[in-house]
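First to last, the sequence lines map onto chains G and R. This note's numbering applies: residue 1105 is where the first sequence begins, and numbers increase by one. This note's numbering applies: residue 1105 is where the second sequence begins, and numbers increase by one.
Since the hints were made in silico from the structure, they are not lab data. Careful: at least some of the hints might be erroneous.
Pairs involving identical chains hold if they fit within one copy or between any two copies, as the list cannot separate such chains.
As a list, the in silico EDC-like pairs of lysine to aspartate or glutamate whose alpha-carbon atoms are at most 16 Å apart [claimed, not checked]:
1. Lys1486 with Glu1498
2. Lys1114 with Glu1349
3. Lys1173 with Glu1204
4. Lys1113 with Asp1346
5. Lys1329 with Glu1416
6. Lys1114 with Glu1350
7. Lys1229 with Asp1502
8. Lys1113 with Glu1350
9. Lys1114 with Asp1346
10. Lys1325 with Glu1288
11. Lys1114 with Glu1353
12. Lys1113 with Glu1353
2 protein chains.
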Amino acid sequence: MEFVEGINKKEICGLKEMLQKELPASVQTEGAVHSVRDMGDVIFIILRSREGLFQVVCENEQWETLPEKIREGMAVRVNGQLREEKRAPHGRELALKQAEILSVPETPLPLAIDKWKLSASLEAKLNMRALSLRNPRERAAFRVQEGLTRAFRDFLNRQGFTEIHTPKIGARGAEGGANMFRLEYFHQPAVLAQSPQFYKQIMAGVFDRVFETGPVFRAEKHNTKRHLNEYTSLDFEMGYIDGFEEVMETETGYLQYAMEFLKEHYQEELDRLSLKLPAADRIPRVRFTEAKRLVSEKYGRSIRNPHDLEPEEEQLISRYFLEEYGAEFVFVTHYPSKKRPFYAMDDPEDPRYTLSFDLLFRGVEVTTGGQRIHDYKALTRKIADRGMTEEGLEFYLDAFRYGMPPHGGLGIGLERLTMQLLGAENVREACLFPRDMNRLTP
Amino acid sequence: MEFVEGINKKEICGLKEMLQKELPASVQTEGAVHSVRDMGDVIFIILRSREGLFQVVCENEQWETLPEKIREGMAVRVNGQLREEKRAPHGRELALKQAEILSVPETPLPLAIDKWKLSASLEAKLNMRALSLRNPRERAAFRVQEGLTRAFRDFLNRQGFTEIHTPKIGARGAEGGANMFRLEYFHQPAVLAQSPQFYKQIMAGVFDRVFETGPVFRAEKHNTKRHLNEYTSLDFEMGYIDGFEEVMETETGYLQYAMEFLKEHYQEELDRLSLKLPAADRIPRVRFTEAKRLVSEKYGRSIRNPHDLEPEEEQLISRYFLEEYGAEFVFVTHYPSKKRPFYAMDDPEDPRYTLSFDLLFRGVEVTTGGQRIHDYKALTRKIADRGMTEEGLEFYLDAFRYGMPPHGGLGIGLERLTMQLLGAENVREACLFPRDMNRLTP
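Could you put the whole structure together from the sequences, leaning on the hints where they help?
Structure follows, in structure tokens:
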């Protein structure tokens, strides 16, 4: 009988290993052929692997003896002498001895992915995502995104949160029936979850503190630079809070942790993208009405909608706090009750406003959160006051009927957070395969 | 201006902290009132928090002075003297001095969640999920599930994998059009992803090694103890493999890592559930046809379907390897080409079979994986041979047209893996809010 006993380390030298090895050394490495440049006497082959790019050099005579010529788009495994070469990007190169062709492309690449900065429209990049992301700078954005997600889970695990997986198909949505994708589920009408809101709340009654990182679906008819119809939401919900301030404190703690985490684990990607990370050591907080007043005064903009922030106002609020306090994040608190869902807790001192907040980051809202109503009577009263029905909410209300701790939480749009960190113009730059009103493929 | 500066440590003593504190100590703690037992002179209050249960004791005289009587389902914050008490579960208890009621339930609990083992049917437990999971033993299962997921990501990150998020709404499914949930997407027909198969493959051309942990959707009309119509899939895909054995090696490495990870971080939950973890140090591998023959011979069962394994055969194969080798996992390899998707790589030595495998764990298939075709011509030929159309597969095929490394991967059903680890009878025990043909709520 044969057994599988775990990972067998292969004799393949990764990029980082090649940069550390004592020279000269005989090594074997592998990768995709990123570019081939024929200089006459020598041919330069740039190999791309998950760790980056590395230069392989082949003397012309050697090149002639190769059974099959190496060309762009191939996957290869090469043997050779690792040696110092001051002019090579890492100060080292591999002098090719043998090459094994692992895979051969059918067609030459239609995009010059070996350019430092990919020269293509967003539309073209998205249409050829599998290809455009082979450009190291393009793919670096998604490594940074991974870092933001890992840091979120890592930080929350340390704070005693438990990860949950809640259903994406349901009988009714978290925030009413609008903007939901509908489907037929074995002859029953069903919808896709707009958020894990109800589930994470009732799970706060089980684990005290929970989080989820997963897709959410919004059938909003907004085709803007900051809307996606499917996105990844970083959600948490925490029990036993004394106020919604604790939710903001936890988010601030996450952001502090994430920035350090990126520096520690993703410095190469930060460098490649020339990213300057924002300070998150202290984040100003300002009331909704006060924020409106401040920007209206400073920038001479009249307040048109007293109940909500227009995108331009969000930009101005961020500008204000950057100019006045050097802050790139700002919490805007106490949103009007009218504009928040029924489960938002009203401010007992002024019930026209809620104990809730948005986090603005460089002019864009990246988080919505707040304290929730935990008292059954208060919750059912609010539902009735809004003229809503309890139908479809039974499982949610049951958790409250049998007792729930005071709690609050938030949802962070991962793509928006990434977009703002990257300084991208369009949220689609921060989504591997975006879904918008017109885009259902790739 | 006010600022949020991160987490302010509250003066709340968690369970673990209470168990370590020098005695006697004056502490404040909080939790849900799990049970109240009035013994005449004293009242025992068991508090439930994310860390477990703790006994609070209240003298009758003290009890009479409380402004509101503590009862089950409340959330409370209590002050008192922490002291030794040999008869208490942890050898310690808190003598109550003051209590603050944070939340009051509307109705007494309809389930005796304070029993060691919850006495309720699966149906009742699922219908009252928000409540039944407040039983510490019930919720422990999902802590173990968290551990399996964390270990998956942690292990793969260490192995150089990058986490990706792929769309769940798409124009066409990964494995043909059958068993897909359909929806309307802004007047276009769309489907929910059955798996991230195509996306993870093309991303192996970008990051070499990728993984995803997310929901998948299968409209299969199977209402069995091991089927869910929405579940969490742990997927990975790795490039530059020399054979599908490397995929099995990586899974074995994961399982080894996961078992150690559970022991290190979830021992309390393992104890609570009396779980015995399976050995994963070496996992036998057996060819599909050989496995069929072995169980047919040993257990006298005739081979009815030579192209697939029936559930009973999977059980017998597991039984065989447990009896013969003491193994609780077994890789069954070389499934018939007919029963594998078009992208599966056929065995060059016998193209009736594929370079693929399933992992059986205690009688149930928990993983399907294998090597994929990476050559464009071979892939399009297979599509043509099967009488399939390339329509809708353009974005997938493009990645191959421009060159893909040899690669393979797998998908693990998280709920099935959890179910088998728990020794549960039904996969629904291992899903917070299961979706099956009849269940769309809670």
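Right, here's what the structure says about each hint:
Taking the shortest Cα distances, Lys1486 and Glu1498 sit within 16 Å of each other inside one copy (15 Å), while across copies they are farther apart (50 Å). When the C-alpha separation of Lys1114 and Glu1349 is checked against a cutoff of 16 Å, the pair qualifies only between copies, where the shortest distance is 13 Å, while the shortest distance within a copy is 51 Å. In this assembly of identical chains, the alpha carbons of Lys1173 and Glu1204 lie at most 16 Å apart only when taken from the same copy (10 Å versus 78 Å across copies). Taking identical chains as interchangeable, the C-alpha atoms of Lys1113 and Asp1346 lie at most 16 Å apart only when they sit on different chains, with a minimum of 12 Å there against 51 Å within one chain.
Proximity of Lys1329 to Glu1416 under the C-alpha cut-off of 16 Å is restricted to the intra-copy arrangement: shortest distance 13 Å within a copy versus 53 Å between copies. Taking the shortest Cα distances, Lys1114 and Glu1350 sit within 16 Å of each other only across copies (10 Å), while inside one copy they are farther apart (48 Å). Taking the shortest Cα distances, Lys1229 and Asp1502 sit within 16 Å of each other only across copies (13 Å), while inside one copy they are farther apart (48 Å). Taking the shortest Cα distances, Lys1113 and Glu1350 sit within 16 Å of each other only across copies (10 Å), while inside one copy they are farther apart (46 Å).
Within a single copy, Lys1114 and Asp1346 get their C-alpha atoms only as close as 54 Å, which misses the 16 Å cut-off; across copies the closest is 10 Å, which meets it. For the identical chains of this complex, Lys1325 and Glu1288 are inter-copy neighbours only, at 14 Å across copies versus 21 Å inside a copy, given an alpha-carbon limit of 16 Å. Taking the shortest Cα distances, Lys1114 and Glu1353 sit within 16 Å of each other only across copies (12 Å), while inside one copy they are farther apart (46 Å). Taking identical chains as interchangeable, the C-alpha atoms of Lys1113 and Glu1353 lie at most 16 Å apart only when they sit on different chains, with a minimum of 10 Å there against 44 Å within one chain.
When held up to the earlier numbered hints, the structure conflicts with none and fits them all.
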